[in-house]
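> For reference, the chains in residue letters:
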Amino acid sequence: MTAPTPGPGGYDRPNRRWQCGCDDTPCSRGPDPHGRCPALGECAPTRDGDRWLCNRSPLRGGACPDGPTPDGRCCLAKRCRPRRSLRAIRGRWLRGAAVFTLGAVLMLLGAAGRNEVLAPGELTSHHAQVIARDAWANRCAACHPGANNGPGEWLASAIAGGGDDPHNTQSALCLDCHKQLDADGAAPLLAHGLPADTLQRRPASWLTPTEALLAAPRGRGEADALACAACHQEHHGAGHDLAAITDARCQACHAERFHSFATDHPDFGLWPVERRTRIAFNHGSHSREHYVKANRDFDCRACHVPDAAGDLTARVDYHAACGECHEADLKNSFGEGVDFLALPMIDHDALVDAGHAPPAWPDALRGDFDGGLPPFTKLLLAADPRAAEAMTLLGEDFSFFDVDPRDPQRVAAAQSLAEALRRLLDDLQEEGHGAVSYRIGKLSGAEPDKAAPASEADLVARLPIELVDRALATWFSGAEPPEPFDAIEDRRTGGAWSLDDSRFTLRYRPSGHDDPWLRAWLDAIAALPSEHAALQQACLAEFARPGAPGGCIECHSVERDGDRLTINWRGRDRLSEPRGFTRFSHRPHTAQPELADCTACHRLEEPAATPATYATAAYTSHDPQQFTTDLAPIAKAACTPCHRPHAAGEGCTQCHNYHVEPGALKGLAGSEPKAAPTVGGLAPRR
Amino acid sequence: MLTIARRRPERWDKPLDPGMSDRAVDRLLRVPPFVAMDPAAFPRTTPLRDLLKHDTRLLNREPGQIVVREGDYGSSAFLVLDGQARVTLENLPPEALGRSARRSGGLTRAIARLFSQRQTPEVRPADAVLPTPSLPGGGVFLQDMPAVLSSAGVAALGPGELFGEQAAITRAPHTATVFAETPCVLLEIRWQGLRDLMRHTPALREHLDTLYRRNHLKNHLRSTPLLAGLTDAALDRVAASVRFASFGEFDWSERAKADAVLDPVERLRREPLVVEEGQPVESVVLVRNGFARLTVAVGEGHRTIAYLGRGRTLGAEEIALAADRGEGPKWRRSLRAVGHLDTLLVPPEAFLKEVLPTIPGKQRRRWAERAALPDEEHQPAIGAAAARTLDYLVDQRLTNGTQAMVIDLDRCTRCDDCVRACAAMHDGNPRFVRQGDQHDTLQFAQACMHCVDPVCMIGCPTGAIHRDEATGVVRINASTCVGCSACANSCPYSAIQMVELREPSGAIVVDGDTGQPLLRATKCDLCNGLPSGPVCQHACPHDALVRLDLTNPSTLAAWSQH
Amino acid sequence: MALCAAWVAWLDASLARTAYATGYALWAAVLLLAAYGLRKKLPGLPIGASRHWLRWHLVIAAVSLGLFGWHAGLAWPTGAVEGALAALYLGTFASGLVGFYLTRTIPRQLARTSEQFIYERIPRLKEAARRDARAAVLEAVHATGATTLADFYADRVHGFLGRPRAWRYTLRPTGAARQRLFNELRGVDRFLTDPERDAADRLFKLVRRKDDLDFHAARQGLLKAWLFAHLALTWALVLVGTAHGVLALAFRGGPTP
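Taken in sequence, the protein lines are chains A, B and C.
Residue numbering for the first sequence follows this note's numbering, beginning at 3 and increasing consecutively.
Residue numbering for the second sequence follows this note's numbering, beginning at 1188 and increasing consecutively.
Residue numbering for the third sequence follows this note's numbering, beginning at 81 and increasing consecutively.
None of these hints come from the bench; they were simulated from the model.
Note that CB positions come from ideal geometry on N, CA and C, so glycine has one too.
Treat the hints with care, since some could be wrong.
[What the hints assert, rightly or not] Which bits of chain A does chain B cover? Going by a derived footprint, with three or more residues having C-beta under 8 Å, they are:
#1 28-35
#2 39-53
[Said to hold, decoys possible] Calculated cross-link-like contacts (lysine-lysine; reagent style DSSO-like; alpha-carbon spacing at most 30 Å):
#3 C:Lys304 to C:Lys206
#4 A:Lys80 to C:Lys206
#5 B:Lys1405 to B:Lys1549
#6 A:Lys333 to A:Lys295
#7 C:Lys206 to B:Lys1444
#8 C:Lys120 to C:Lys285
#9 B:Lys1444 to C:Lys285
#10 C:Lys304 to C:Lys285
[As the list claims (entries may be wrong)] Cβ pair distances, simulated, as ranges:
#11 B:Ala1657 to C:Arg192: 50 to 58 Å
#12 A:Ala114 to C:Thr158: 32 to 40 Å
#13 A:Arg94 to C:Arg252: 25 to 33 Å
#14 C:Arg252 to A:Leu108: 36 to 44 Å
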């Protein structure tokens, strides 16, 4: 190698910070550690007499040809500006880069407009609009509790794990706006937004060992709160779907492995008809018999029409759907009117014989005990304790015909009832409408003041008190009945009260379907508390018999709701139902040509129940779950041809909701055995 | 003050034992073998008296104390003056020799080295620069001496007996363990002194040959693979017939650098011929020390097809095949001494009678098959990389290296990580130069190869350059190095660099008399004791730098192919 | 990569927020990658040979790209810090790729030159070549008095030997200048006296040597410049990445499994 060796020792020293700056041959010393050139000669000349001799070391090249200067200095003294070594230069630049970056980051964190820079991405447009109302500097803090803190506090919270204040979390800020999730009875951060004890758990043994194994390490109970941000991740752009979630995340809790809708999803059970319809309507008999007889087409869409959301869940009303055929029967059933009050025939002698003092009673009604009381009268009497006692003795479905004059007890009861009837009439005369609402309110018990004013008004339907005056006058005081005229009917709309002096009844003639008076009374009967169950049954039976006035209960099913009964005046209203676990929309389905015909899915059961059995089997009970239906359940197989990957899709959230309103569980809770499959047959894991 | 004046150290500044008195020397001069030596035969600069005074010392050894341990490298011979020592004829287990399984503390040393680097190059603490005497300390005692004594393989060494001389002269490990049986007085003669004594006393030389024949020849023959099948008796008979022959110069390194740049024909001409192709086989050649080049005539020149190191033999194949055919054996190859070569010659008669019957038939059939094939069949083509590499290794005497630094230039990105790592482990000073002879894409960097035959030791006047006893690594004892540059000049591979010393203040230390800088020899110490091994190799990100044992040609071939 | 994908899927199925877990993993990967630089400063410790580190460096780098993809969701982040961070990561990764290419091609090119040079020595060697050339020409002038070669030298060769090469050459070295000079020297040859011809031969050698030196300076310099860029990007990446991590954790909005 002919290469000159740099510095002492012949070694390259790339690790040193400074290098000799000489261009040609470097000096043997090299710069000192601080980058200074020692500027010394290569040798220290020795003096030999009057001559200076070079004594350069052989290692440094031996004695130089030029020799020392005359004043005894080395001729090879070099001076240079030492250069930094490559490594030193690189190190300086690298430190520079690091300091620059650190400075840039710190500046950024401390700058006034840091929010713009720190925002990791655009918000979805909805949130962006909401946030835009806030002051710019306060924007981050709208969702992030610590956003207005300094970098130091951020660092601390990043290390500490954040969220040390349970009331000031990001999720709490979410719920400030999303209040509906925090409704009564909801636990917005727990599984499905429901309190932990609401959801039922399958026993672990229900899982296969593999599933149990897979489930084990992810342990997360329904009692563990889950931050909103666990699923809803913001800052992914204006069009980001905040609600998107993978099926796998559902299976974090639902341990039963779900691979595909076709193979693993349980069947739907009775869906879509999981209870008897609220309005009894026999699709089978109508389509096969009644519509044929009436020479009409049975068209589903004639009755099932789009609702406000565009889905086919609304129905046309009675007049459009049923009235054409059923209105005449309904009107006929009212006849001249419905008896509201009727005086029975009483055995005056029997009463006197029994030592009673019978009240003043019309002479025409003196004879053997006979005649029944309309249910309205019974209800009003039931509020009178003595009358109630008598009715209990006689049985709620009694008739005066059944009173044995030889039975002193029953005679006494008849006496009480007659007195009670007089008192009722007197009350009506004296207190007017208030007497009716007082008595009904007293009957319904617990919450007397809760009876809605509207239904109070409906109960009396503007009964003219003059009629009561007149009835008392003509029936009991023997005054002549006035000339019949329709002045009252003319004066008053919405109902027609009249007196039948020959039968001693106060009558009401309902206006037709959906008469408020009749509905109010039926509601009052249904609302009777359980201690009046017998009375209730007796009254309902009056309305349930064939040819009963209005025949309401023939179509409007009565069902038990807690300790009361309700009468379903209206059909199901999907739009007002609480948000449940499952959703279905007809809209995308009926858009498919082959599904445009409703019967593609909704098939009528062939051996359809006859109208009679249908009504008896399905609607005699007050339990909506006991029913027969003429509509065949829709099997999963109907969905699987389309609902598979790469077609219509089979994601959990296509049909299932995560956030469930607590009310939606009510229907499920009452019928547990059937509820679990409805939730998807997917047991939450342990 | 940018320079600092000190006295330049000299050869005998650090005698082996500063306490060696003139009276002791006088007494020594009255006992054999020194009494037989002629003081007039010694030159004026190194008189016998001074040799004894400075290069020897008296040692007292307790019973059971080990004097030399097998496997250790030694640089001294020992003369028994009084008492009795024992030499083991069989290998002892390491536990009996007091060897621990592994040296510990390497990690802490590495960390300490990492954080003690200096920016000033070649700083030595002031006391290391001063010539102060230093004595190797301590002794190791043989474990369970009675058991060793009762075993058969122990021979006695009485007064007047010399041992350890072969390890000292050939720079090889001791082959046997010697321990004191009774309290012993020994004279330790370091090898520099022994060399001078030998040079000026022919009788001593002969005596050493005799000792070799008696103590080591059989060991050597026994470790020769060719003779592995011989019985003890047969081995004795072979040993008795062996002749010694040496070729080339002992101080071959002086001409090595000049030889390396010669044209190949001239270089080959200069290498002493041991046997010549086509000539009748007069003896089987066993290589005892050094290297020999095996060549075959091709065209006008000779091509190298192998090199033979210690323990290899030549001629067995020829004699065996000729015996099968019933004709007179002829050499199929030429053998040339590369540098210095010690051989043992076994006469063909002894070989035919004692050795040939022990050679397995399989081996002989293989020889026969190989002989039937022309060279082209099993040798790489002339000029092929492998063939040229072989030539190159021998030409440059690189075959000497057991830890040669080889850099694959096709991989080396010149990142200098190796140099920096080296510097970090040596107080901020690199201990090799990432430059060196280039052969194809291989670069043989200027780093100590830790040669089989470390010629650098030849000229060292103080024994500062020595082999580590335990590992065989060639090291320089900084405290005894006088900076004479002899080793740096001897090293044919420029692997030793002389450096100017500095004080911790950065001042260069100069000789107070001449004003010239004090020097120290520096070189790779193989990062002695570091847990990671040589850091240069450890620090190479691209696997471009390795330390290879070139004494075996296959290691380089294996590495180049990976 | 497949393991990575499986892990991310598992995280997702555990209701974990994958961005955090992949973020941690990515940060760890980047730190591991950056630790290689630290390891180079700690030779001699038994912490694995550098070549193994490099191999793992490459493997982890590949894995980190996958992690980055999952972490960033295969879309360019819209935030300023995140954008800068993504740019830094991709820049670092790209520089790594470039380095991978350079460290595997340049050594072969360097090895092709007749002599190997240590980068730090190159300026002095260039200076020596220039001095030698000048001396050779002057010697020829002294010997014959003819100035043909001296004129040619002053006109054509001196500049080549003294000037640094253009930027273009640093990026893509070519032998064009050397070839041109050789041709010109050959063209001049017929006008030269014998001593001048000897000097011209010497010039040939020195021009070749200078060109080799330039080549080594350019290529080795490129390798060193690349490493510098890679390291600078790494520093910035680690710092900005840490800041990003702190922000993400401080703003995480709930427990992050």
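> Against this structure, judge whether each hint is valid.
So, going through the hints one by one against the coordinates:
Counting residues of the stretch 28-35 of chain A whose beta-carbon sits less than 8 Å from any beta-carbon of chain B gives 5, enough to reach three: the coverage restraint holds. Check result for the stretch 39-53 of chain A against chain B: holds, 5 residues qualifying (beta carbon to beta carbon below 8 Å, three or more required). Between lysine 304 (chain C) and lysine 206 (chain C), the direct Cα distance comes to roughly 19 Å. Compliance with the 30 Å bound is thereby established for this hinted pair. Of the supplied pair hints, the one linking lysine 80 (chain A) and lysine 206 (chain C) holds, its CA atoms being roughly 20 Å apart against a limit of 30 Å.
Restraint check: the Cα-Cα separation between lysine 1405 (chain B) and lysine 1549 (chain B) comes to about 26 Å, which is no more than 30 Å; the hinted pair holds. Simply put, lysine 333 (chain A) and lysine 295 (chain A) have alpha-carbon atoms about 21 Å apart, close enough for the 30 Å limit, and the pair holds. The suggested pairing of lysine 206 (chain C) with lysine 1444 (chain B) holds, with an alpha-carbon distance near 27 Å, which does not exceed 30 Å. Distance hint between lysine 120 (chain C) and lysine 285 (chain C) is unfulfilled; the C-alpha atoms sit about 39 Å from each other, more than 30 Å.
Between lysine 1444 (chain B) and lysine 285 (chain C) the CA atoms are separated by roughly 24 Å; this keeps the pair inside 30 Å, and the hint holds. Using a Cα cut-off of 30 Å, the hinted pair lysine 304 (chain C) and lysine 285 (chain C) holds, with the two alpha carbons roughly 28 Å apart. Distance hint check: the CB atoms of alanine 1657 (chain B) and arginine 192 (chain C) are about 43 Å apart, inconsistent with the given range 50 to 58 Å. Take alanine 114 (chain A) and threonine 158 (chain C): their Cβ atoms lie about 21 Å apart, and the range 32 to 40 Å is violated.
In this structure the hint that arginine 94 (chain A) and arginine 252 (chain C) lie 25 to 33 Å apart at CB holds, the actual value being about 29 Å. Between arginine 252 (chain C) and leucine 108 (chain A) the beta carbons are some 41 Å apart, a value that agrees with the proposed interval 36 to 44 Å.
In the structure shown, a violation is registered for the earlier hints numbered 8, 11, 12, in ascending order.
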